[in-house]
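As given, the protein sequences belong to chains A and B, one line each in that order.
Residues in the first sequence are numbered consecutively from 1, following the numbering used here.
Residues in the second sequence are numbered consecutively from 1001, following the numbering used here.
For the record, the hints were derived by calculation from the structure and aren't laboratory data.
Glycine is no exception: its CB is placed at the ideal position from the N, C-alpha and C atoms.
Just to be clear, a hint being listed does not mean it is correct.
Restraint ranges, calculated between C-beta atoms of paired labels, are given here [unchecked claim]:
1. A/F423 with B/R1084: 18 to 24 Å
2. B/G1027 with A/L10: 50 to 56 Å
3. A/L152 with B/A1032: 21 to 27 Å
4. B/L1092 with A/S187: 37 to 43 Å
5. A/D461 with B/Y1083: 53 to 59 Å
6. B/Q1016 with A/N456: 53 to 59 Å
No more than 25 Å apart at the CA atoms, straight line, and that leaves these computed lysine-lysine pairs for DSS-like [stated by the list, open to error]:
7. B/K1097 with B/K1022
8. A/K262 with B/K1022
9. A/K262 with B/K1097
10. A/K262 with A/K100
11. A/K366 with B/K1097
12. A/K100 with B/K1022
13. A/K425 with B/K1022
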Amino acid sequence: MNWTAIGMFLLFVVFTLGVTRWAALRTRSASDFYTAGGGLTGMQNGLAIAGDMISAASFLGISAMMFLNGYDGLLYALGVLAGWPIILFLIAERLRNLGKYTFADVVSYRLAQTPVRLTSAFGTLTVALLYLVAQMVGAGKLIELLFGISYLYAVMLVGVLMVFYVTFGGMLATTWVQIIKAVMLLSGTTFMAFMVLKHFGFSTEAMFASAAAVHAKGTAIMAPGGLLSNPVDAISLGLGMMFGTAGLPHILMRFFTVSDAKEARKSVFYATGFIGYFYLLLIVIGFGAIVMVGTEPAYRDASGAIIGGGNMIAVHLAQAVGGNLFLGFISAVAFATILAVVAGLALSGASAVSHDIYACVVRKGKASEQEEIRVSRVATLVIGVLAIILGLMFESQNIAFLSGLVLAIAASVNFPVLFLSMFWKGLTTRGAVAGSLAGLVSAVILLVLSPVVWVNVLHHDKALFPYSNPALFSMSAAFLAAWAFSVTDRSAQASEERGRYLAQFIRSMTGIGAAGAAKH
Amino acid sequence: MTPSHIESISNHPDFQQLVRRKRRLNGSLTAAMLVIYYGFVLLVAFSPSTLGQSLSGGVTSVGMLVGVLIVLLSFALTGIYVYRANNVLDPLNDKVKQECAQ
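The shape of chain A in the complex, shown without the other chains:
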């Protein structure tokens, strides 16, 4: 049992529950619940977006990858980061101008509500639940290790706290939990990177030189080493990471929590800055750990393996630079990170159920705000229970595989249709539905046939699909299906939908008629 870590984590929980109570008193309307009343500033929202991206997976996973392979770890970091400028240039402001609570608002803006909302909600729920499972499994393992509590209790604790934040505090609590955690994580990693640089006399050359001197791969850790050796795989992975981010429902929802397009723009600017800064720190942490953790026998077990597995590198480094107190802090931050991310995911899933399915499809827009919020709370509870059950069922699944699956699916199901609905006049309801389904089906089938599943999980000899990332092919399939089913759609409804594009285009460009912030 690590009592410092447990103490610090309890402090975080008590504080965030206080925030949740404060938020609950301010959450009355549907707009409060889904988008924190649309009143966050660009800086606050930028921190929250950065918080969503710098998850435990990237903090522990990427530093571990750098420790193991050196430069290759950086390739992942850059793929995630490079997506943000593109999101800013292409979709951030248009999303804010067109939508209100969910990205389905945008896709269904000029299309038939029922089929488009149902497919978008289906896409949102698929992505949110899979991502939740990946986070839950990671959380359970991590907490088991850091705090010495069993996997079952760890998963249940995460599930219960997540439901608490979301049902009572809505988006306001979810966002502030994320902001608090982002500040904690950024300060913690800044301190770690500073101490590492201090160790090497503030010379990165000295740091890289000592890392190369003690690493088994020598100076090869300073160059790309085969992670992206196949050009098709490289581009496919790049596409998946870049546009997968732009298809994650809990990220897209963040564009509706600011008052207007200008604040949406600012939030991406700040988010890109924070994410970039974080990854620069990770280079120092990863390479510093090669020397400061890798050469220290205390962090290895009898067989020479890192205690707790490869993902514990950053945690060991915390102990090396700041002693047990700082180790406790970083452990608590890692736990907090998972909580903040799962809360956002649960909220995006719940809003797909309550806003898209219940309010817009079942009740055809006639539900009162209170009814909508009530359904949302029930949905959060159900999602929480499902996440716990699935987390227990998938305990032994490989998390890297699950997260890869989520990004590839998000890039294929949500992004192409969202993009076309904003940029292409010709998109019709039939095309949008066909595009989503084609993206989903092709992404899942190609993943199953890829080496990751067909060989590693199902233990066949040879993969039927040679590439490990399907994004290049499944995104193309989605775009192609959306295009083909739209241009061949000669119905009267389709020509009406094309006719409504101009009004949508004017609103997306100028913000005339856009939903504003709630007045309090």
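Knowing the structure of chain A, use the given hints to seat chain B on it.
Leaving out everything else, chain B in the frame of chain A:
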């Protein structure tokens, strides 16, 4: 928005200028980012040794500098966009909104 209102906005010269400017800014910055990132990915795929070269005789490689530069360039491009949008596009957008108010 009524059909006649839509018509009048879409034919308004300021609106057309706004659309043209937005497209130019968004298009050129998107292209720049894609070239930077996929240029890097292709370099990784086809010529990893270029990135592995020593930067100035030491251990620090060219690739490390390129990685840091990509981070800084991503941030710089979003900065350029925010600056241009705040100072050029927003005033024009406000003008369109004012002139086309019903």
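Hint by hint, here is what the structure shows:
One distance hint, 18 to 24 Å for the beta-carbon pair A/F423 and B/R1084, holds here, with the actual separation near 20 Å. Remark: the range hint 50 to 56 Å for B/G1027 to A/L10 is upheld by a beta-carbon distance near 51 Å. At roughly 50 Å, the beta-carbon separation of A/L152 and B/A1032 lies outside the given 21 to 27 Å, and the hint is violated. Taking 37 to 43 Å as the suggested C-beta distance range, the pair B/L1092 and A/S187 conforms, at roughly 40 Å.
For A/D461 and B/Y1083, the Cβ-Cβ distance of about 56 Å falls inside the hinted range of 53 to 59 Å, so the restraint holds. Here the CB-CB span from B/Q1016 to A/N456 is close to 55 Å, well matched to the stated 53 to 59 Å. Between B/K1097 and B/K1022 the alpha-carbon distance is near 16 Å, which keeps this suggested pair within the 25 Å criterion. Between A/K262 and B/K1022, the direct Cα distance comes to roughly 14 Å. Compliance with the 25 Å bound is thereby established for this hinted pair.
For the proposed pair A/K262 and B/K1097, the alpha carbon gap of about 15 Å is at most 25 Å, so the pair holds. About 16 Å separates the Cα atoms of A/K262 and A/K100, which keeps this hinted pair within 25 Å; it holds. A C-alpha spacing of about 31 Å is found between A/K366 and B/K1097, which places the hinted pair above 25 Å, so the restraint is violated. For the hint linking A/K100 to B/K1022, the alpha-carbon distance of about 23 Å falls within 25 Å, and the restraint holds.
With a C-alpha separation of about 18 Å, the suggested pairing of A/K425 with B/K1022 holds against the 25 Å cut-off.
Checked against the numbered hints given earlier, this structure breaks hints 3 and 11; the rest are met.
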